[in-house]
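Chain W is already provided as a structure; the job is to place chain S on it using the hints.
There are 2 protein chains.
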Amino acid sequence: MYQLLNDLSIIEVSSFVASPTAGLYCAQMGAEVIRVDYKAGGLDYDRYMLTREGRSLSWENLNRAKKSVALDLRSGEGRELCVELAARTGQCITNLPEKSFLSHSAMKAAQPERAPDMTSVRIMGWHDGRQAMDFTVNAASGYPLMTGPEDWDMATAPPVNQVLPAWDFITGAYCAFALLAALRHRDATGEGSEVRVPLGDVAIGTVANSGMMAEMLYRGSDRERLGNAIWGAFGRDFRSKDGVRFMVAALTPKQWDGLVEAFDLAGPIGELETELEVDFSAGDRPRFENRHRLFELFQTAALSRDWAELEARMASHGCTFERYRTAHEAANDPVLVADNPLFGPSPANPSGFEYPAARSFANLPGRAPDDPAPAPFLGQHSEEVLAEKLGLSSGAIGKLVDAGTVALSDKDTIYHR
Amino acid sequence: MYQLLNDLSIIEVSSFVASPTAGLYCAQMGAEVIRVDYKAGGLDYDRYMLTREGRSLSWENLNRAKKSVALDLRSGEGRELCVELAARTGQCITNLPEKSFLSHSAMKAAQPERAPDMTSVRIMGWHDGRQAMDFTVNAASGYPLMTGPEDWDMATAPPVNQVLPAWDFITGAYCAFALLAALRHRDATGEGSEVRVPLGDVAIGTVANSGMMAEMLYRGSDRERLGNAIWGAFGRDFRSKDGVRFMVAALTPKQWDGLVEAFDLAGPIGELETELEVDFSAGDRPRFENRHRLFELFQTAALSRDWAELEARMASHGCTFERYRTAHEAANDPVLVADNPLFGPSPANPSGFEYPAARSFANLPGRAPDDPAPAPFLGQHSEEVLAEKLGLSSGAIGKLVDAGTVALSDKDTIYHR
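Protein chains in written order, with the numbering used here: chain W, 1 to 417; chain S, 1001 to 1417.
Quick caveat, the hints were computed from the structure, so don't treat them as lab data.
Some hints could be false.
Interface residues of chain S toward chain W, partial, derived using beta-carbon atoms under 7 angstroms [unchecked claim]:
| no. | residue |
| --- | --- |
| 1 | M1001 |
| 2 | L1005 |
| 3 | M1029 |
| 4 | F1169 |
| 5 | A1176 |
| 6 | F1177 |
| 7 | F1361 |
| 8 | H1416 |
Negatives, chain W to chain S, calculated, CB over 10 angstroms [unchecked claim]:
| no. | residue |
| --- | --- |
| 9 | L5 |
| 10 | S75 |
| 11 | G190 |
| 12 | Q299 |
| 13 | D306 |
| 14 | E311 |
| 15 | A362 |
| 16 | P365 |
| 17 | S394 |
Far from chain S, by Cβ distances over 12 angstroms, these chain W residues were calculated [to be verified]:
| no. | residue |
| --- | --- |
| 18 | Y25 |
| 19 | R52 |
| 20 | R88 |
| 21 | E113 |
| 22 | T189 |
| 23 | P198 |
| 24 | K241 |
| 25 | D242 |
| 26 | R245 |
| 27 | E275 |
| 28 | L276 |
| 29 | A387 |
| 30 | L390 |
| 31 | G391 |
| 32 | K411 |
| 33 | D412 |
All residues carry an ideal CB built from backbone N, CA and C; glycine is no exception.
Only chain W is shown next, with the shape it has when bound in the complex (with noise of 0.2 angstroms):
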């Protein structure tokens, strides 16, 4: 939590995964974002995992730090309200259709004369107005044909989805740039903008700026399978004495020096370099078109060492290595973790579950970082925020929570689910 944002507020219409991040990166950075959901809770206030009480500890990690108001928008009523707390707060993210009662039109057209010109982004699932999701967005992309064994036939290779919602995550921080860069617009001209950021844009745009599209077009064909090797460069897996699995990359020359020294194959490595007349230290080429017979000579050494003493090797050369942790492990990885100061304590977590939970991934030498602040309850700033940003009195708050319009907080909930 560094207060780079705090002079903003915004109105967050979200569920799953993509706009609910582009909120919790504004919150990290002191952004006040009013996380505003149907009164029992969005299509994601369910996600797995639940606990045994029926909490998401997806929901309260993608939704820190965030304020949280509960509406009937199945309801005219709750709806109103909803548009007028963007109106006038003149930003919002949502990922609510743009024919949902949420659009930008309806946004502008409720805004009192001096509110800042409305400001609003748009997580879509195609451009042209489909629905998708990450993991269809995905499989368009390419990348799941090209995921996994290397001697998978390539005709015959079933997909293999990536675990991560990698789209999810890459559009959730370009919607909050994407966010930050109509604002500034803004401050020079006084104009506000709709910005539309269709998740399968990010992926096949991606595909783009990668340079794979433009590597499939030149090739015309596809890319050899590389199972999990660096395209393009020397990286691969290895495999300890001892069975520990660790990734190695070599991308500058003191990287591949450093790396022939930890593994002690300078001889057999300059034999190879005679019998197939390259040099390996002349850069990335040489080093992956020539991969398998490298990583033949690195495999039998890492075979012949246990992975203290490998990690101890390639630690004092300078390598680029990482061993490979499942999940469980990594959480509780001390290096990672718990000695790691982007985590710090989060005591106050809907679910009652204590654990470490994360700052912004961002750190600013000489400026402390606040604690991580917990995810609200479904509706707790429900009569705060209507009363700040809409002036509405207790007794006509009293009135909407009657009516079955607004909802409190749900902290004394106990669900079945």
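Okay, now just chain S, sitting in the frame of chain W:
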């Protein structure tokens, strides 16, 4: 290309993927992004894939719409010029180590009196200074040991690396966001910022933000293998009678009902509900928990129909689905590329090869986007930038070129690599 950031100049001293991506997103929004490189090209100047003329298709896509200045960054004089450029501009994105010549304090010390207080974003490996790259932080994250076929034995399953360098792209987008957040703070207070973003923290922090870390600590063990299934919801890949592989997902009630209709499975699913005493309409949980039985029904139904029929049925029922493409198919798919307004022509690529290029992922209805701009030739803007930003005369620049401190456009260079 939209002009939301056209008041902004950024010095980018970059290589590989994350750092150039941060600059690319800013450039696609209209910022003047000046990439400063070693005069013979940075570490990524020959990244695969290379054309027959030795031009990198990776480099020319990750550096679109930027300017290029080529300096002898191994000499004191070249380094001073680089620091001075960053200091005068006031904004810098880099992945050079903090202990390099381009430390934040060095840039700050070189600032002329009226320059905006230095704001720099530095991409690091791990938070503690250890080197890392996408593939190595991924090894630590836990994802590779969760990826791949469901029937692989948990105890012996090899890691499966994701081919997409997802951590690089998340980090790139996040750094573009962090830069604008720091600039917003400077606009409000006059105070610049040093912002450090460790790639490793983006990875392990995402594990936390996604709820996966809490999940692992809560369950006290690793998650079961899922293969291509979606965690906590209904979704997997299926194969049609004519062998087309596709992904389907149903997270909302509407998506689920549509899918059951599209696959004509109301009867068998009703029977299964009776047998298992569950209601699959009740939410993600019963569908996920009984996924193997459901997958069996859907796969059998899929195998009784050709893809054309399945696709038409799923489309008419508003399902969320996508056919798997290879990367080569994706690049040639008109729906994804040729007919997608994300893409525009890019005729002036350094490689001379013409192909569609991506605009910003964000589109702004009501504003016409410019066509994607090509990447520069290395050093193409050395003279222009040194004259404009540092006020050097053409005579002074000529001397620097003669001395080998500055290089001009490599347009006519023939690479043998």
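Comparing the hints with the structure gives:
1. Below 7 angstroms, beta-carbon pairs count as interface contacts, and S:M1001 has none with chain W, the closest being about 12 angstroms; its hint is therefore violated.
2. At a threshold of 7 angstroms, the smallest CB-CB gap from S:L1005 to chain W is about 6 angstroms, leaving the interface hint in force.
3. Taken as an interface hint, S:M1029 checks out: its beta carbon lies about 5 angstroms from the nearest beta carbon of chain W, inside 7 angstroms.
4. Contact between S:F1169 and chain W, as hinted, is supported at the beta carbon level, the nearest pair being about 5 angstroms apart and thus within 7 angstroms.
5. The beta carbon of S:A1176 is positioned within 7 angstroms of a beta carbon in chain W (closest approach about 4 angstroms), and the interface hint is therefore held.
6. With its C-beta approaching chain W no nearer than about 4 angstroms, S:F1177 sits inside the 7 angstroms limit, and its interface hint holds.
7. Using the Cβ-Cβ criterion of 7 angstroms, the hint placing S:F1361 at the interface with chain W is satisfied: the shortest such distance is roughly 5 angstroms.
8. With 7 angstroms as the threshold, the beta carbon of S:H1416 stays out of range of chain W, its nearest partner Cβ sitting at about 11 angstroms, so the hint is violated.
9. At roughly 6 angstroms from the closest C-beta of chain S, the C-beta of W:L5 falls inside 10 angstroms, breaking its exclusion from the interface.
10. Residue placement check: W:S75 keeps its beta carbon more than 10 angstroms from all beta carbons of chain S (closest about 18 angstroms).
11. With a cut of 10 angstroms on Cβ distances, W:G190 stays outside the contact zone with chain S, its closest approach being about 13 angstroms.
12. The non-interface label for W:Q299 is consistent with chain S: the shortest C-beta to C-beta separation is roughly 13 angstroms, beyond 10 angstroms.
13. Chain S leaves W:D306 outside its interface by the beta-carbon criterion, the shortest separation being 18 angstroms against a cut-off of 10 angstroms.
14. No beta-carbon of chain S is positioned within 10 angstroms of the beta-carbon of W:E311; the least distance is around 12 angstroms.
15. The claim that W:A362 is not at the interface with chain S is violated, since a C-beta of that chain comes within 10 angstroms of its own (minimum 4 angstroms).
16. Its closest Cβ contact with chain S, about 5 angstroms, brings W:P365 to no more than 10 angstroms, contrary to its assignment away from the interface.
17. At roughly 33 angstroms, the least C-beta separation between W:S394 and chain S is larger than 10 angstroms, which holds for a residue marked as non-interface.
18. Under the 12 angstroms C-beta cut-off, the non-interface status given to W:Y25 relative to chain S is violated; the minimum distance is some 6 angstroms.
19. Residue placement check: W:R52 does not keep its beta carbon more than 12 angstroms from all beta carbons of chain S (closest about 9 angstroms).
20. Every CB of chain S lies more than 12 angstroms from the CB of W:R88, the least distance being 20 angstroms, so the non-interface label holds.
21. Interface exclusion of W:E113 from chain S stands, the closest Cβ pair being 22 angstroms apart, more than 12 angstroms.
22. At the 12 angstroms boundary, the C-beta of W:T189 falls inside the reach of chain S, the nearest C-beta of that chain being 10 angstroms off.
23. In this structure W:P198 is not separated from chain S by more than 12 angstroms, as the shortest Cβ-Cβ distance comes to only about 8 angstroms.
24. At roughly 16 angstroms, the least C-beta separation between W:K241 and chain S is larger than 12 angstroms, which holds for a residue marked as non-interface.
25. For W:D242, the condition that its CB be more than 12 angstroms from all CB atoms of chain S holds, with the nearest at approximately 15 angstroms.
26. Its beta-carbon lying about 6 angstroms from the closest one in chain S, W:R245 breaks the requirement of being farther than 12 angstroms from that chain.
27. At roughly 22 angstroms from the closest C-beta of chain S, the C-beta of W:E275 stays outside 12 angstroms, upholding its exclusion from the interface.
28. For W:L276, the requirement that its beta carbon stay farther than 12 angstroms from each beta carbon of chain S is met, with the minimum near 17 angstroms.
29. Distance check for W:A387 against chain S: the nearest CB is about 26 angstroms away, which clears 12 angstroms, and the non-interface claim stands.
30. With a least CB separation of 26 angstroms from chain S, W:L390 remains clear of the 12 angstroms interface cut-off, as annotated.
31. The claim that W:G391 lies off the interface holds: its Cβ sits roughly 26 angstroms from the closest Cβ of chain S, which is beyond the 12 angstroms cut-off.
32. Every beta carbon of chain S lies more than 12 angstroms from that of W:K411, the smallest distance being close to 19 angstroms; the non-interface claim holds.
33. Distance check for W:D412 against chain S: the nearest CB is about 22 angstroms away, which clears 12 angstroms, and the non-interface claim stands.
The structure fails to meet hints 1, 8, 9, 15, 16, 18, 19, 22, 23 and 26 from the earlier list, while all remaining hints are met.
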